[in-house]
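K.L.:
Listed below, chain by chain, are the residues.
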Amino acid sequence: MKLTLQVWRQERADAPGSLQTYVVDDISPDESFLEMLDVLNERLEEKGERPIAFDHDCREGICGACSMMVNGQAHGPRTRTTTCQLHMREFDDGDVILIEPWRATAFPVIQDLMVDRFAFDRIIQAGGYISVNTGSAPEANLMMVPKDDADLAFDGATCIGCGACVAQCPNTAAQLYTAAKIGHLNLYPQGQPERDERTVGMVEQMESELFGSCSNFRECEAVCPKGISIDWIARMNRDYLKAKLKGVNRR
Amino acid sequence: MTQSLNSQVPSGPLETKWLNYRDHLKLVAPNNRRKFEILVVGSGLAGASAAATLGEAGYNVKCFCFQDSPRRAHSISAQGGINAAKNYRNDGDSTFRLFYDTIKGGDFRSREANVYRLAEVSNEIIDQAVAQGVPFAREYGGLLDNRSFGGAQVARTFYARGQTGQQLLLGAYQALSRQIAAGTVKMFPRTEMLDVVVDEGRARGIVTRDLVTGAVESHAGHAVVLATGGYSNVYYLSTNAMACNATAIWRAHRRGAMLANPCFTQIHPTCIPQSGENQSKLTLMSESLRNDGRIWVPTSADDTRAARDIPESDRDYYLERRYPSFGNLVPRDVASRNAKSVVDEGRGVGALKNGVYLDFADAIGRLGRDAIEEKYGNLFEMYERITGENPYGVPMRIYPAPHYTMGGLWVDYNMMSNVDGLFVIGEANFSDHGANRLGASALMQGLADGYFVLPYTLASYLAPHLGERVATDTEPFRKTEAEVSGLIRGFLDSKGKRTVDSFHRELGHIVRDECGMSRSEPGLKKALEKIPALREEFHENLNLSGGDGLNLSLERAGRVADFFELAELMCIDALDRRESCGGHFREESQTQEGEAKRDDENFTHVSAWEYTGNLSEPKLHKEALDFEAVQLTQRSYK
Ligand SMILES: Cc1cc2nc3c(=O)[nH]c(=O)nc-3n(C[C@H](O)[C@H](O)[C@H](O)COP(=O)(O)OP(=O)(O)OC[C@H]3O[C@@H](n4cnc5c(N)ncnc54)[C@H](O)[C@@H]3O)c2cc1C
Ligand code: FES
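Taken in order, these protein sequences are the chains called A and B.
Position 158, counted from 1, in the first sequence is what our numbering calls 158; the numbers after and before it change by one each time, with no gaps.
Position 627, counted from 1, in the second sequence is what our numbering calls 627; the numbers after and before it change by one each time, with no gaps.
Which residues of chain B face chain A? A few of them, derived with a C-beta cut under 10 Å, are:
no.	residue
1	Ser-49
2	Lys-86
3	Leu-143
4	Ala-243
5	Gly-547
Hints were generated in silico from the structure; no laboratory data involved.
Beta carbons are placed, not taken as given, at the ideal position from N, Cα and C, and that holds for glycine.
Turn these sequences into a full structure, and let the hints guide you.
P.N.:
The following block contains the structure:
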């Protein structure tokens, strides 16, 4: 296959960026999207040019590192698929492909397609855990969890923290991510004692970051590689309201 | 520095060794803990669990990882599950059985006391993870579910759909995040450790590079813990994440830490075969698929028919034929070697004839498509995404791929290397899996080390050092930092023609061919000529662009340079071990049926290699392995 790529190049966070055009040929449809970029990068290196920086690691759709807008869509055209799992057979010979970084003020560009997603970690630090010191756990089967709750909680827990939800949202809201994380822990019996503080802490941390606010565009749900539903957001809003009515404030 | 190899295994009966030992370890009082600085390199299961636990205890911890978030450490990609001897199924499991299976699976090349301790703390790991909210699979009654995994004859594996690694790591990451918020742990993401600072035989700290700004910095501590994972990427193509590397352990090795059994690597039988030269990694298809899939190749090498057109009479279900009692569930090393031999005979399948079939037609016929979808839906989907083929209709194609490294830095019973104050946990050490790791036991080991072993042994190490000053303003720090900067400069100044990846690919080919699933004296000797020659070319002809800030090629160059040196040691180790055991198959040492033949008389030891300054002449130290509770038997899966 022969493709024309328009790739966002930006040297540093504070440098201006622009789209550059590259033509790559001899690409096999069996290659993955990132392998196609590897090929381009190796050719750039051979010419003494700086390769395109992008985050990636597992290339199995689970670490959440890969993060790029492909033709305006987070992770590209295939639903429920991270960029690293996208294969070139989804494209046609001769296609022009636009490749950009996540676009969100809360995720500043570090270089090219690489962005800073530490805001996500800070949301977890604000309460996304169950406080249990190592060694103090009771026997695992003492606590029963109804299978339906466990299965539902799992649907939230599958979030890989990639940030596609934020990148696709016209407002760059982080509601889906935050809600999935809160929802998983709030559904478990273990998560009850800290339920209110967790919800308030995480929601207010999210609000203090540079994310936008949610206006139910549902774009997040559509691009989430793990298919996480926006029902979680409603659940989070309910939990938040309840906690606030009880007068719970951030610790 | 003395180079004696004392394993520090305490005396007493196996069953009570650890408990007795723990009872007598030295302690650090709670109000003194904050006076200690501890450096944890790595935030995978081993590193995150250790850093979180030490933070909870009150130590001052710094934790480092090269990813942008600790949550993305390679542990995240583990699929299948984690073992524990809970015996929830009432099927006869026990600490002893888990211990025995693990030590036998490792082909009797691991330390008995370590493996026993691992089995002993396995239950606490499950308790801890469940309390953290890790969403393990449950039964309708609300209790935890188990499955049998990797050929085990009891169901002791806990799992979380196909993402046990992600869920366990998120549990540890959340505990770590809590400590970051509490201020006991300071996290350094996008930071790569490039050297250990050793002063008068003791580890005093590390030198790191900020991967965004390029700044080289020193960090001092009372102890250094390496939890930096495995080195399967020495093979270039492996199931590991792209950035997994050996730099931390290799640089520690160059500073005096011994590297044990580097040739013990695991080639996992069920991965998607390579599809072309530009392939960057191989994808694992969970081993659980072997519970229902049947493995076969055509009987004749000339068969060009599509799988479904090949009648039963022309198929060779070679594992079922050769191992009637274990069949498709033989251990990984056995399954892998057999796949290699049928492919080498020309009976491989797929366009490149580089795979074997893993066929679900019978299982679908027996259990129905829905049942198979319920069990393996995600995996089938992943397979389809990667290959474009639908495994409900045509058999999967699989082939072995490098997956896990049992070898690693030598550690004693306390998880401390032979360098005082340098601890090594998780896949980075060599300790618990001998010559072959069983499924679902690496997650167990990483978390055992980090949650339940290191926090005790480290405290005992620290206790006498209370009040000692740690600082980076010393000569050894300045010198190490200067050496690291020099190394980086050297790469940046290279003006050659070949890219890092082209060297890595070529190195990978050599190691795969000669030190992969099958090893022989002539092959290893050939590799030992090729590797140093290619390494020399690498240092002379490397083409590297970019500057000293964020520079992905520079990062890879440093890692590949270390792989080159490690690869040579792997081959030296493989050549020295003139027996077959576990994943280490020496063609010269096989039974008449072509199975691995151990040589217990001469090789019941750990080979720990000391760096001498000359890469081709490392010094061998042996730690004899004594077995009190088990009898060494030749493994048989017939
Ligand atoms: C695809 C796959 C599936 C698997 N499935 C299973 C399974 O089902 N069950 C099972 O038991 N095991 C499984 N394993 C094995 C298991 O996942 C690993 O052995 C284990 O997770 C390793 O954990 P770790 O903490 O030792 O290292 P890792 O998780 O690899 O973490 C290493 C950490 O060290 C950091 N690091 C490394 N070098 C440096 C450096 N120089 N400077 C700074 N930081 C550094 C990294 O950033 C990372 O944080 C699987 C492995 C793979 C590849
Ligand atoms: S690289 Fe890990 S999810 Fe894409």
